[in-house]
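Colleague: If you want the building blocks of each chain, they are given just below.
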Amino acid sequence: MMVSTRPRRALVGCLAALVSACADPEAPLPAPSEVVLVVNSIEYSLSVVPVGATGSTYKIPLGGTTPTPVGVSALGAYAVVPMGLDHAATVVDLSTGSVARVVPLAAGSFATGSAIVSDSIAYVANPGLNTVTRINYLTGDTASVAVGVYPQGVVATRGKVFVLNGNLVNYAPAGPGWITVIDPVTNAKAVGIDSIPLPLPGNPQFAVVGGDGRIYVMNVGNYVDDGRLSIVDPVARVELANFGGFGPGPGNLATDGGDRLFISSFTEGLMEFDIATRTVVLGAGDGLPIPDNSGVAVDSEGRIYAISAGCGGGADGVAHVLRPDLTERSVVALGSCAIGTAVTSIPAE
Amino acid sequence: MTLAAQAPVTVRGRVVDAANGTPVAAARVDLGALSAQSGPDGRFVLGGASAGTAVMVVAAVGYRSRRVRLELLPGLDAEATVRLEAMAVTLPDLEVQAAGGQPMTLDGAALVRRGSDLATAIDGWQGIVVRRSGGNGAASPQVRGSAPEEVLVLVDGFSINDPLTGRADLSKLATRDVASVQVRPGAQSAGGAGVAVGGVLDIRSQAAGRPEASGWVGSYGSAGASLSGMLLDTRVFLRGELLPDDYPYSVPVNRGGGEARRVNAGGGLGSLSFRHAGRFDVQGRASVSRRGLPGSVGNETPYAEAEDGAGFVGVTIGGASTWSASLQYLQSTVRDSAPPSGPAYEARSAGWSGTIDWSHSRPVAVVGWAGSVALGASARHDRFGGDVVQDGSQFSRAGLRGTATLRPGGQSPWTLTPSLRLDIWTGENLPLGSARLDAGWQHGATSVQASVGSAVSAPPLADLFFREGVGVALNPGLRPERVRWEVELGVNQDWSLFGAPGSASLRGYYGRVDDMILWAPGVGFIWSPHNFDVTRRGVEAAASIHPVPTVSLAVQGAWTPITYDVPDGAQVQYRPRGTWGASVGWADGAWGADARWRWVGERYPNPGGVNPRPSFGLVDVGAERALGAAVVRADVRDLLDTRAEFLAGYPTPGRTLVVSISLEWQ
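So the sequence lines, in the order shown, correspond to chains A and B.
Quick note on numbering: the first sequence equals residues 1 to 349 in this note's numbering.
Quick note on numbering: the second sequence equals residues 350 to 1015 in this note's numbering.
Hints may contain errors.
Within a straight-line C-alpha distance of at most 20 Å, the following computed SDA-like cross-link-like pairs (lysine to any residue) qualify [as the list claims (entries may be wrong)]:
no. : chain 1 : residue 1 : chain 2 : residue 2
1   : A       : K59       : B       : A919
2   : A       : K59       : B       : V959
3   : A       : K160      : A       : V238
4   : A       : K160      : A       : L200
5   : A       : K59       : B       : Y953
6   : A       : K189      : A       : V235
7   : A       : K59       : B       : S690
8   : A       : K160      : A       : Y171
9   : A       : K59       : B       : N960
10  : A       : K189      : A       : E272
11  : A       : K59       : A       : P347
12  : A       : K59       : B       : D917
13  : A       : K189      : A       : A236
14  : A       : K160      : A       : G211
15  : A       : K59       : B       : V915
16  : A       : K160      : A       : A236
Which chain A residues stay away from chain B? Per the calculated CB distances, all over 12 Å, these [stated by the list, open to error]:
no. : residue
17  : G55
18  : A107
19  : G159
20  : D183
21  : A190
Bear in mind the hints are in silico, worked out from the structure with no lab data behind them.
We put the beta carbon where it would ideally sit given N, CA and C, even for glycine.
Chain A with its partners taken away, still in its complex shape (with noise of 0.2 Å):
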């Protein structure tokens, strides 16, 4: 005799949609995992390092043809990588650890630099046009802005976006570097003070918001100077102060949402300022020997994330987990030549 189970599930389907429906509404939603996140350039992937379970860290393929991204910014479930050379942005769903679309930019872009503003819309400079795109990277919108020269990192606050301009002629500092301001729902240069200057030695690259809500900007120079590191007040858009003592070419910037910034550098290791004395604390010839340390992340736990490149030969990147005293906690495997970074949360399903 045949025996229909169509009955059974349905009703099993019935029970199952009245327990959801007399959930607790107040019960607390489940944790975000937070991630930290790495692009291997030369590889092109985006290495997901769970900062509770470091041991379980994947890569995520980015596709392209020949790209070369050096960035990455997250919100929530959400990254975004510029392409470089691929003129395009590729964005992440990190829920389901793929791509969730690539969004073409126009020719000559070399897509560097990324922020995002908003649960929907991010920013993407394209030092080729001396133009920054908003992308909603949900849609795959885009729509551009002229800006300075040469712009290659942006980072929000306050409302606003400040790209940063590198002033580069031929790839070499044409002079000092300064900030363009955009208004992001008008996406047109912001009213009122819409240019920073900053200083020599020029190539203004990476930038992070402090925890005071100062703007702390990276100007690289011709890596045979000493970089200076300059402070940046965003909302009277001023430069306030500038400071040496991180040697020729510091990098990327990371800071713990408190006093400590973190300055990574290919040829001093991970160097530190603190912001609260605006003081050096471990500087050029101080730094950790984090070996082609080209990145530095903080989770919210204080950990430090320093980034040893590694490049070509399956001599892949690393990411040395230090504890808040640098004391090294473990080591991580990434891709070839990891150098970007973003930390982000991704809410639970």
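For this one, chain A is given, so just place chain B on it according to the hints.
Modeller: Coordinates of chain B only, in the frame set by chain A:
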């Protein structure tokens, strides 16, 4: 009997094609219990023969065997030139497969059917992958996962590897000017081949032949013509070609998808070559080319172009000792009047390269083993300058080599070939050695070959002397590439299935390559050539059968893992693990047809082992008809319009129709 009557006799000789006088390599020469194999120049030596009347049997694949009666006088060496006639029916795509370290040969007729230039003709053959710089750019071979600069390409014994880049551009060689091509894969430095750590392509040019004119037209504006003939006992070959341009390609998804036209991919090239064969073998080549440099599909460079010019003259004087010398001039200009980033540029390089080589072979007998030993010495000097390399960049190298071919007395199936080579070059204080030992065993239709070898190769000049700039820097610690050791075992079996002759071969190899040179970013993302240790191993298999005399079927495959020597090391960039192929040919009277399929596996464009480029398969078909002195042929390349791209961002033209006609005067 006097002592003189017992004195052994040495028989020296040369095996040549009866039709055009070109050397026949790898011919088997038997004289009683003695046996030898002709070298690339067709020459052989049989030492220790007994005086008296003897019959020498000479056999080579693709030729009728010939028996030669010799009257050997005591103590007097004998000379013999053996002319072999090609078999009346030329079977389509006749390939010679052999085991182990033995060469594999593709003859001129088969090459012409596979393409107008040598790069197209040998792509996919015996696991060879031809890497093109863009759709129509310079095309260089990769053998067993090697880099193109690790494959030594010889034309009549002279290297055609660009002294600057180390790469040989096979697209500049017309198949109608080639009599045969052999491939000897693996570590081949020791066997007189110099710097070959990946393998050797040994090309023999046509030395004689009837006057011939040919021309062809193809899709996307491609066309070509060649003219050849004898002038004052010298074969002259003239060729011109226009490259396809403005062809469609599939736009990658990151550029929005769809279809677009490839622009600035065309260009033209012309070449003139001559060869006067004889005791003084004189040859020369000159070529000019202008090729568009279209850039990758994501970074198109519609105004970039490369202009190259080259001239070469070489002389070989044969005899008991062989001397050869060559002189080569090269110049290259790359320019872009409106690059997508940075200022307009024009970069020029030019230089000279000269070589001299001496070799001498003689029979030997050692404790019951007899055979021949060959000694040689060579020297070379390169000098370049310009915008790409530092002015006055010079590089000198010299080498000594020795090879013996030995066989035990009697009817032994064994042969033993030890080789040793010492090289020294600018910047090295001590000679670097390459050694190889080949052992062969043959019984009936079965042969087995085993070898162990090492090899060393100097870095290409372009990696040593390039001009530093933004993002690129010299690596003063760059070391030469070395195959520390490589073992190889192969077996070849000729067989017959219901009367249909066929053959099959299987080879396996395993080796360690130290200090392979690859460009990679280092500290601060500054790109330089770096050394990496890799392991290469693989299996190569091939089989062919002629089910009926007019039909041939062949299949072949190569599995080539070549990985970085680190835990879980990834496959080296742009080295496909798998390449497969199959072909079918038919020839009956005036008609002929053939089809070829080749498949190239996934390639990683980076050392991380992610983002592989997709595998692709290409189908080429062709048909021809002889009409008196003319042969009309039509080919469709990439019948399925795959538009494959070996290198990311550089698609090939896809489906292309080519119609050709050739005329040969009697």
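Colleague: The structure should be examined with respect to each hint, and the outcome stated for every one.
Modeller: Evaluation of the provided hints:
no.: 1; hint: K59/A x A919/B; result: holds (14 Å)
no.: 2; hint: K59/A x V959/B; result: holds (9 Å)
no.: 3; hint: K160/A x V238/A; result: holds (14 Å)
no.: 4; hint: K160/A x L200/A; result: violated (24 Å)
no.: 5; hint: K59/A x Y953/B; result: holds (15 Å)
no.: 6; hint: K189/A x V235/A; result: holds (15 Å)
no.: 7; hint: K59/A x S690/B; result: violated (31 Å)
no.: 8; hint: K160/A x Y171/A; result: violated (28 Å)
no.: 9; hint: K59/A x N960/B; result: holds (11 Å)
no.: 10; hint: K189/A x E272/A; result: violated (33 Å)
no.: 11; hint: K59/A x P347/A; result: holds (19 Å)
no.: 12; hint: K59/A x D917/B; result: holds (15 Å)
no.: 13; hint: K189/A x A236/A; result: holds (15 Å)
no.: 14; hint: K160/A x G211/A; result: holds (17 Å)
no.: 15; hint: K59/A x V915/B; result: holds (19 Å)
no.: 16; hint: K160/A x A236/A; result: holds (12 Å)
no.: 17; hint: G55; result: holds (15 Å)
no.: 18; hint: A107; result: violated (7 Å)
no.: 19; hint: G159; result: holds (31 Å)
no.: 20; hint: D183; result: holds (28 Å)
no.: 21; hint: A190; result: holds (28 Å)
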